[in-house]
Amino acid sequence: MNDDDRAEQFIQLLAQHERRLAAYVITFVPRSADADDILQETKLALWRSFDQFEIGTNFGAWARQAALHRIFDFRRRKGRESKHLVFSDACLEQLADAFEQDVHNRETQMERLSGCVAKLSPNHRQILSLRYGEELPVQDVADRIDRTVTATYRVLSRIRLALRDCVCGTGDNVMPASEPTP
Amino acid sequence: MNDDEREQLALWVEKQLDGSLAAEEFDQLQQLLMTQPEARELYLDLMHQNAHLQLERVHLSAFGMGSAVSVDESPAPRAGLERRHVWLIGMIALATSLLLMVWWNMPSSKPVRTSPILAQMIDSSDAEWGDCTLPTAIGSDLSSGRLKIERGLATIRFASGAEVTLESPAELEIQTSLRGRLLAGTAVVDVPESAHGFTLSTPTAVAIDHGTAFAVTIDRSSQASSIEVLDGEVEVQHVGSDASRRLTQKQRVIASADGLSESGVHRGEAELAGSEGPVSALAKLQRITTADRRGRDGWIIRGRSDEVPPNSRAELVLIKNPHDGFERFSRKGYFAFDLGSIRGESITTARFVLTLRPSGLGFASKVGDCEFVVYGLTDESADDWSEEQLNWQTAPANVDGAAEVDESRTRELGRFTVGRGRQHGQGWIEGEELVDFLKADTNGVVTLIVARATKENAPGGLVHGFANRSNSVAAPPALLIGTDPP
Numbered sequence: 001m002n003d004d005d006r007a008e009q010f011i012q013l014l015a016q017h018e019r020r021l022a023a024y025v026i027t028f029v030p031r032s033a034d035a036d037d038i039l040q041e042t043k044l045a046l047w048r049s050f051d052q053f054e055i056g057t058n059f060g061a062w063a064r065q066a067a068l069h070r071i072f073d074f075r076r077r078k079g080r081e082s083k084h085l086v087f088s089d090a091c092l093e094q095l096a097d098a099f100e101q102d103v104h105n106r107e108t109q110m111e112r113l114s115g116c117v118a119k120l121s122p123n124h125r126q127i128l129s130l131r132y133g134e135e136l137p138v139q140d141v142a143d144r145i146d147r148t149v150t151a152t153y154r155v156l157s158r159i160r161l162a163l164r165d166c167v168c169g170t171g172d173n174v175m176p177a178s179e180p181t182p
Numbered sequence: 001m002n003d004d005e006r007e008q009l010a011l012w013v014e015k016q017l018d019g020s021l022a023a024e025e026f027d028q029l030q031q032l033l034m035t036q037p038e039a040r041e042l043y044l045d046l047m048h049q050n051a052h053l054q055l056e057r058v059h060l061s062a063f064g065m066g067s068a069v070s071v072d073e074s075p076a077p078r079a080g081l082e083r084r085h086v087w088l089i090g091m092i093a094l095a096t097s098l099l100l101m102v103w104w105n106m107p108s109s110k111p112v113r114t115s116p117i118l119a120q121m122i123d124s125s126d127a128e129w130g131d132c133t134l135p136t137a138i139g140s141d142l143s144s145g146r147l148k149i150e151r152g153l154a155t156i157r158f159a160s161g162a163e164v165t166l167e168s169p170a171e172l173e174i175q176t177s178l179r180g181r182l183l184a185g186t187a188v189v190d191v192p193e194s195a196h197g198f199t200l201s202t203p204t205a206v207a208i209d210h211g212t213a214f215a216v217t218i219d220r221s222s223q224a225s226s227i228e229v230l231d232g233e234v235e236v237q238h239v240g241s242d243a244s245r246r247l248t249q250k251q252r253v254i255a256s257a258d259g260l261s262e263s264g265v266h267r268g269e270a271e272l273a274g275s276e277g278p279v280s281a282l283a284k285l286q287r288i289t290t291a292d293r294r295g296r297d298g299w300i301i302r303g304r305s306d307e308v309p310p311n312s313r314a315e316l317v318l319i320k321n322p323h324d325g326f327e328r329f330s331r332k333g334y335f336a337f338d339l340g341s342i343r344g345e346s347i348t349t350a351r352f353v354l355t356l357r358p359s360g361l362g363f364a365s366k367v368g369d370c371e372f373v374v375y376g377l378t379d380e381s382a383d384d385w386s387e388e389q390l391n392w393q394t395a396p397a398n399v400d401g402a403a404e405v406d407e408s409r410t411r412e413l414g415r416f417t418v419g420r421g422r423q424h425g426q427g428w429i430e431g432e433e434l435v436d437f438l439k440a441d442t443n444g445v446v447t448l449i450v451a452r453a454t455k456e457n458a459p460g461g462l463v464h465g466f467a468n469r470s471n472s473v474a475a476p477p478a479l480l481i482g483t484d485p486p
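Residue numbers (full-length UniProt numbering), protein chains in the order written: chain A, 1 to 182; chain B, 1 to 486.
FYI, nobody ran anything at the bench for these hints, they're computed from the structure. Please read all numbers here as calculations on a predicted model, not as lab measurements. Even glycine gets a Cβ: it sits at the ideal position worked out from N, Cα and C. Take these hints with a grain of salt, some might be off.
Unchecked claim - With a straight-line cut-off of 35 Å between C-alpha atoms, the simulated DSBU-like cross-links for lysine-lysine are:
1) Lys-119/A with Lys-439/B
2) Lys-250/B with Lys-119/A
3) Lys-78/A with Lys-15/B
To be verified - Cβ-to-Cβ under 7 Å is the rule here; a few derived chain B residues that face chain A:
4) Gln-30
5) Gln-31
6) Arg-40
7) Phe-363
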């Protein structure tokens with residue numbers, strides 16, 4: 001296989017897995033700017049070692065492995081630099097193992113996410129929209145919906161649990177329990 | 001894990017994501033994760049869900065619009081890499097697609113730009129977009145790619161200076177700063193000196209501009225293109241034959257699959273792709289906003305009769321018709337337009353357009369579809385209201401009812417409806433009432449008053465927000481006026 005076929009093949013594989021890979025990185029490093037750096041480093045590393053990748057084997061797993069290395073590096077760096085609250089290596093390893101064991105299920109569930117979001121009440125969608133669409137910190141979300149910060153944390157966390165139940169198929173109702181209307 | 005433990009963990013996740021998790025809480029969380037597999041599962045589910053919510057913020061910002069908008073995640077397919085320098089081309093293609101993907105998927109991070117900026121989105125009146133490979137927000141820089149507009153108008157300024165206004169439904173491909181391809185619909189092209197040579201191609205023709213303005217329409221069924229010169233000179237080449245024509249002002253050709261044929265510009269003769277509204281893309285449209293000349297906008301609220309709402313800060317005009325007992329929250333919008341730029345021209349069509357923006361006030365679920373009434377201020381002596389002093393008492397022709405104005409000093413020009421929960425897109429009126437009102441103007445300034453006819457079903461309902469003239473992202477209130485030259 002010549003070099004440009006190889007490049008095309010890589011681009012294709014990456015395009016297929018890009019979104020899932022991004023979600024993987026953000027799962028462990030939620031801050032967008034940091035996740036972005038890690039993703040870029042990961043993709044370049046994948047390209048550099050693409051020669052060692054055996055076509056037909058699991059590209060997603062291979063890519064996650066490469067990303068995980070960088071996530072470890074990043075978190076160690078971050079922990080040293082800024083006394084940031086960073087999970088220990090042991091804890092992160094356990095989490096990464098758990099993710100890998102059930103990776104297929106987890107990714108399939110996320111295909112149902114937007115459908116579940118659509119089933120939320122308009123009020124809850126608005127709250128999610130403020131937090132994610134407008135990227136407001138919880139304090140600002142609280143101001144906009146005229147609630148306390150504590151109450152807003154609670155609503156948001158209940159929305160998350162309701163969405164989780166919905167994507168897992170364990171809850172047919174996506175109304176968070178005992179949620180007072182504003 | 002019981003429900004309380006689940007909620008506790010979800011709360012920690014919430015705080016961790018918000019950067020406010022205390023050190024002790026963090027230690028407890030880590031302890032829990034390391035000892036309980038079930039906690040690990042839940043934690044991963046929630047964090048993974050968060051990742052997708054971050055990635056899919058487009059879905060969320062489109063809530064209330066019925067269907068969710070999806071983000072195109074794959075890069076545009078690259079044509080086969082060719083012959084020499086393949087390696088270099090391959091690497092460039094790779095770099096570009098990597099960056100494009102990162103940029104699409106991480107909208108919140110600073111975009112790293114390597115693909116050249118070829119154009120900018122400068123206006124998108126009432127735009128509802130179809131599948132686009134480019135960003136559509138006003139002010140967005142555009143590289144090569146496609147824009148598909150399902151409703152409304154959008155204006156794209158190419159880096160060369162050429163401005164292309166798309167009238168929906170239409171699809172445009174941006175190719176270079178001097179070249180675009182219209183795949184469907186109507187485009188009106190305005191070309192300054194700097195962009196002479198700007199080329200717009202269609203499936204059947206290539207139009208090369210040598211002058212200032214032309215309009216192109218592709219017929220939906222026959223795929224024939226109509227090219228009409230509004231001003232200046234345009235060269236039209238037929239795709240598939242050597243035929244070409246040089247057109248000057250008021251000339252039009254139709255390019256079908258077979259060849260070029262001349263066509264009159266007057267309506268009734270070989271009308272192509274009949275325009276739907278009275279505002280035709282082929283008419284000369286002038287856009288006047290409240291940001292132009294003596295234009296102004298503002299809103300009034302009943303409860304704070306002696307205060308001027310902080311209009312410039314909010315970037316919005318707020319309008320509301322509250323529930324009984326909550327009359328103090330009544331709000332109306334005021335808009336003044338300076339018609340000086342069309343003095344002496346005869347107005348044939350007109351449209352008044354407002355761009356909806358989320359106000360962040362009240363819940364959308366507490367109002368149904370909302371009808372807005374637009375009044376024209378006929379008492380011209382009051383046209384000189386000031387934004388600084390505009391309030392419930394001083395506002396021209398204002399009366400206490402949330403949906404009413406003083407009938408002896410105004411007249412109703414039209415109504416528009418905003419669907420339940422909708423906080424994006426546009427509301428507009430058009431028609432003879434508006435045209436007549438504009439024509440009757442004698443002092444060069446007109447004032448329009450907008451009130452919401454529909455009351456909310458319960459207190460705390462949505463306050464509708466419309467971009468005002470200082471809005472940093474959305475189009476200002478505008479009049480789109482078609483005129484016959486004097």
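Hints, one by one, checked against the model:
1. Between Lys-119/A and Lys-439/B the alpha-carbon distance is near 49 Å, which puts this suggested pair outside the 35 Å criterion.
2. For the suggested pair Lys-250/B and Lys-119/A, the alpha carbons sit about 54 Å apart, so the restraint of at most 35 Å is broken.
3. Under the criterion of a C-alpha separation no larger than 35 Å, the hint pairing Lys-78/A with Lys-15/B is consistent with the structure, at around 19 Å.
4. Checking Gln-30/B against chain A: minimum C-beta separation of about 5 Å stays under 7 Å; hint holds.
5. About 9 Å separates the beta-carbon of Gln-31/B from the nearest beta-carbon of chain A, more than 7 Å, and the hint is not met.
6. Checking Arg-40/B against chain A by beta carbon gives a least distance of about 5 Å; that is within 7 Å, so the hint holds.
7. Annotation: interface hint on Phe-363/B holds; nearest CB of chain A at approximately 6 Å, less than 7 Å.
Comparing the model with each earlier hint shows violations of hints 1, 2, 5; every other hint is respected.
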